[in-house]
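**Q** Following the hints, put chains B and C with the ligands in place on chain A, whose structure we already have.
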Amino acid sequence: MRIKRNTLLTTTVFALLVVFLYWLSANRMQNGMLVSVLQKGVIFALVAVSMNLLNGFTGLFSLGQAGFMSIGAYTTAILIIPVKSLDGVYYMNGVHPGIRALKMVVADSPAFVQSIFPFVALLLGGLLAAGIAAIVGVAVLRLKSDYLAIATLGLSEIVRAIFSSPQFDQITNGSYGLNKIPTFPEMAWGLIPSLLTPFIVVGFCVVFILLLINSSYGRAFKAIREDEIAAEAMGINLYKHKSMSFVVSSFFSAVAGGLLAMYMRSIEAKTFSITMTYDILLIVVIGGIGSVTGSILSAFLVTIAKEWWLRFFDQPLFFGGWQVPLFRTGFRMVIFSILLMVVVLIYRKGLMGSTEFSWDRLIGRFRRTKNSEGGAA
Amino acid sequence: MSMTTILQHCLTGISLGGAYALIAIGYTLVYGILRLINFAHGDIFMMAGYFMIFALASFPWPVAIIITLVVTTVMGIGIERFAYKPLRNAPRMSIMISAIGVSYLLQNLSTYLFTAIPRGYPELPYLKKIYQIGELSASFVTILTPILTIVLVFVLMILVNKTKTGMAMRATSKDFETAKLMGININRVVSVTFAIGSLLAGIGSILYFTDRMSVTPFSGTLPGLKCFVAAVFGGIGNIPGAVVGGFFIGIVETLLVALGYSTFSDAFTFLLLIIMLLVKPTGLFGEKNVEKV
Amino acid sequence: MSTILLKTEHVTMQFGGVVAVDDLNIEIPEGKITALIGPNGAGKTTAFNVITGGYQATNGRVTFDGHVIGENYPRSKMKKIYNGTYKTLNEHQVINTPDKITRLGMARTFQNIRLFKDLTVFENVLIAMHGHIKAGMLRSTFKLNKEEELMMNQEADKLLHSVNLHMHRDEKSSSLPYGMQRKLEIARALATGPKLLLLDEPAAGMNPKETEELALFIQEIKETFSLTVFLIEHHMDLVMDISDKIYVLDYGKTIALGTANEVQNDPAVIRAYLGVEEA
Ligand SMILES: Nc1ncnc2c1ncn2[C@@H]1O[C@H](COP(=O)(O)OP(=O)(O)OP(=O)(O)O)[C@@H](O)[C@H]1O
Ligand SMILES: [Mg+2]
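Residue numbers (our numbering), protein chains in the order written: chain A, 40 to 416; chain B, 5 to 297; chain C, 39 to 317.
In isolation and in its complexed conformation, chain A is listed as follows:
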């Protein structure tokens, strides 16, 4: 009975969401800002969830997210920049002949192949990142918590150095970065407009991660988080499971990176600096370490607040003739850092703690407030 009610509620909410997104797609001109923050929010939701899989569910404090995102972003971008734009993009150093040849093949292939190619590119970016994670994991996953953090951070810096180095100019375009990246593709022959694509891709990815977390392997991850020594004594191969979590997390970070490349339309290595990892960490911490729904909620809240609602902090503010002090460029980020510190020091659980959203709890809370109001009256 209750289970039925919950499924019904969930389905309704998702249906409404889809309807809303279709409406938004039809009216995207008037709602540019809303579309932009929602898309960015959903992309960051995926990175935050994949970071949470590592940090919150497996207890591995990794700071390599930006690096894996950049692998996905560059792979996707290089693969999907149309052949006619190549000369414009690589105007300084020319493009590697291999890349051009590949693009010719794609451009000559049937329409169906071309329509799914952007998704293939996302997948390839993810697989490349996963492969690199698997190899690097052999080395870094033996390290204890804080060493792992600094090693993964270092890894991400190494990746960034490679992408911006002049030695790989013809592939990554060095410090000039890549531009003219096509935006999100349509799906299902135009039935699903391009606005919805990131939501659908992220949706599939998050469902996969949720299934994984609730599987026997996910339980093993949690055991490692709780107590490595006990987990090992219970027959769980630490290296194998840490590596799984690392590879899966890197895969999805890279897919999110690919989506981000489509969203931003132009990328450079600098985009994926340590600050980006810190931004993602901020989302995870605010949402609650160990809560997928918390990360998703927080990704939207933080993105919308940062990019939109709190913009006014950065503008000078006048009351009549009096200029309110403090309000100028950079104030918004100060507010954000203070917010983060408040969460870290005082509200240590973040929005959701390590629990997941559930209808039962929401309705329970709603009932309780209603009852207490009733009691007071």
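None of these hints come from the bench; they were simulated from the model. A portion of the hints provided could be inaccurate.
Unchecked claim - Below, a list of computed lysine to aspartate or glutamate pairs in the EDC-like style, where the Cα atoms sit at most 16 Å apart:
#1 A:LYS309 x B:ASP179
#2 B:LYS284 x B:ASP215
#3 C:LYS172 x C:ASP156
#4 C:LYS155 x A:ASP266
#5 C:LYS138 x A:GLU267
#6 C:LYS155 x A:GLU267
#7 A:LYS388 x C:ASP288
#8 C:LYS45 x C:GLU68
#9 B:LYS132 x B:ASP215
As the list claims (entries may be wrong) - Derived list of chain B stretches under chain A, where covered just means 3 residues or more per stretch with a C-beta under 8 Å from a C-beta of chain A:
#10 17-27
#11 91-100
#12 106-113
#13 173-180
#14 244-254
#15 259-271
None of these values were measured; they are calculated from a predicted model. By construction, the Cβ of each residue, glycine as well, lies at the ideal position given by its N, Cα and C atoms.
**A** Chains B and C with the ligands only, in chain A's frame:
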């Protein structure tokens, strides 16, 4: 490259390494006692750069230096009190996140206060004076840095090995819980540790920025991380190890830049870290630690 | 004579200057309860850690159920105390991680309880079964191994019933009272499907009544799961009551071995426990 150019680069590298060594000591001390990578240490170093700029604008240089060092030290102690002490019994990850949070806050705060545009670092005429040694030419700061580093390390070693406070520090870093039970005032030891670390970072900052000539809110991030790597390389918790690590990274980095691999000079540091952790996780001079079950 | 399930030969564990375990030679007969006793700091837990693969012995060999699960014979030391038939250096080292040893059929509990605190009682038991899972990550994620999962769930439920913890199935393990946590830790160890169960001070912090119940419980699970038990314990009543064979350790050295009666009357043991200085 001629011999002279190589020597010239080595000299620059040694100077850079000296500054790195001073910062690395801060990491190694704090890690030794709290088992915490103080991600904010690099930003303390950056803030010291700004303090110096402002202090020099209104005071003569000796006063300005003292003001800078005092403010930096107080800031270091304050950060520990405010952001790390409340989390001392929390999981390791929380306190690390707090350190990252402080780093984030300092960067954003300084972007807000001083803007992201690089600020010129004032020149101290004495430090910038050029000396000619044979074919080599070097400013006074280049020569001063390594010498001052060695002297400071020497003083620090005496402090750690000969004084009562130093003994308390060593006891705490060996076994935090037991030291607490033995009646050592942990809070004082931690404060002293942060004070020394920040003071050295302040000195390192003056030496480093005099050579670089400008400060931005992000000037501290990479040097900070590199210095942590230096500390790991030398064996975390080990002061001479941190110094060796600092010099090594400074010299190699300078040579890589000289050879035209400047984009890889940062990457090299981290590659070094990963290799070191694989080959000898305890660093050059570190001791082995087995977790008791 | 029953067969020997676990055997250690010349096992030595040295931490810097401390020799925590010194030339330990034990034989655990199958189907019996063997105890390891000794004063605080005698090296009992360290011996367990070496056997289960947590520490790598500085010297010696551990054989379990026909497999050499750990071995370390550095050349120079070997000459002195062990005349093996090994010739090349490489053959002298066998290192197994604890998880592999557990999957071979050896499970343990810890002196200071190490449950997965934030997880439920049921999850704690399920996790212990994960080591033997056949499905890979993808199959398990997409729930393509329904039968296996169902089996695991049923087994876990059965196990919880058999140790009387089923009514706490969905509670957080850290919310259980202390005695039950100890019991859950044993149940969790049983869930790995062991032949040999190592218990590190299972009665620590229990009152005499609870201790008595525990003695019965250990004998009971020994029968139902056809186990061999090796336990460390300070409660002498419990040890004397249920053990078939007792090893006494002091300062890492084995000072006595035998049945309860033999050990109780051994002058060396009395000396070690009463702390009389050797003349
Ligand atoms: N990882 C380690 N590093 C250094 N010394 C250790 C380590 N583990 C154990 N020791 C030392 O080995 C000795 C034996 O310790 P162990 O824990 O094995 O004793 P025990 O017999 O289990 O004592 P108890 O009855 O108190 O549990 C002690 O002196 C201890 O300090
Ligand atoms: Mg013990």
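**Q** Give a verdict on every hint.
**A** Right, here's what the structure says about each hint:
About 42 Å separates the Cα atoms of LYS309 of chain A and ASP179 of chain B, which puts this hinted pair outside 16 Å; it is violated. Of the supplied pair hints, the one linking LYS284 of chain B and ASP215 of chain B is violated, its CA atoms being roughly 33 Å apart against a limit of 16 Å. Between LYS172 of chain C and ASP156 of chain C the CA atoms are separated by roughly 26 Å; this puts the pair beyond 16 Å, and the hint is violated. At roughly 9 Å between alpha-carbon atoms, LYS155 of chain C and ASP266 of chain A fall within 16 Å of each other, so this suggested pair holds.
Proximity of LYS138 of chain C to GLU267 of chain A is assessed by CA-CA distance (about 14 Å); at most 16 Å being required, the pair is judged to hold. Among the hinted pairs, LYS155 of chain C with GLU267 of chain A is consistent with the structure: their alpha-carbon atoms are about 12 Å apart, no more than 16 Å. In summary, the hint linking LYS388 of chain A to ASP288 of chain C is not supported, as the alpha carbons are separated by about 47 Å, beyond the 16 Å threshold. Restraint check for LYS45 of chain C and GLU68 of chain C: the C-alpha separation of about 11 Å stays at or below 16 Å, so the hint holds.
Of the pairs offered as hints, the one joining LYS132 of chain B and ASP215 of chain B holds, with about 8 Å between alpha carbons and a cut-off of 16 Å not exceeded. Only residues whose beta carbon comes within less than 8 Å of a beta carbon in chain A count, and the segment 17-27 of chain B has 0; fewer than three means the coverage is violated. Counting residues of the segment 91-100 of chain B whose CB falls under 8 Å from any CB of chain A gives 6; the rule of at least 3 is met. Three residues within the 8 Å Cβ limit are the bar, and the segment 106-113 of chain B against chain A gives 7, so the coverage statement holds.
Residue count for the segment 173-180 of chain B with a Cβ under 8 Å from a Cβ of chain A: 0. That is fewer than the three needed, and the coverage hint is violated. With 0 residues having a Cβ less than 8 Å from any Cβ of chain A, the segment 244-254 of chain B misses the three-residue criterion, and the hint is violated. With a threshold of 8 Å between beta carbons, the proposed coverage of the segment 259-271 of chain B by chain A holds, since 4 of its residues qualify and at least three are required.
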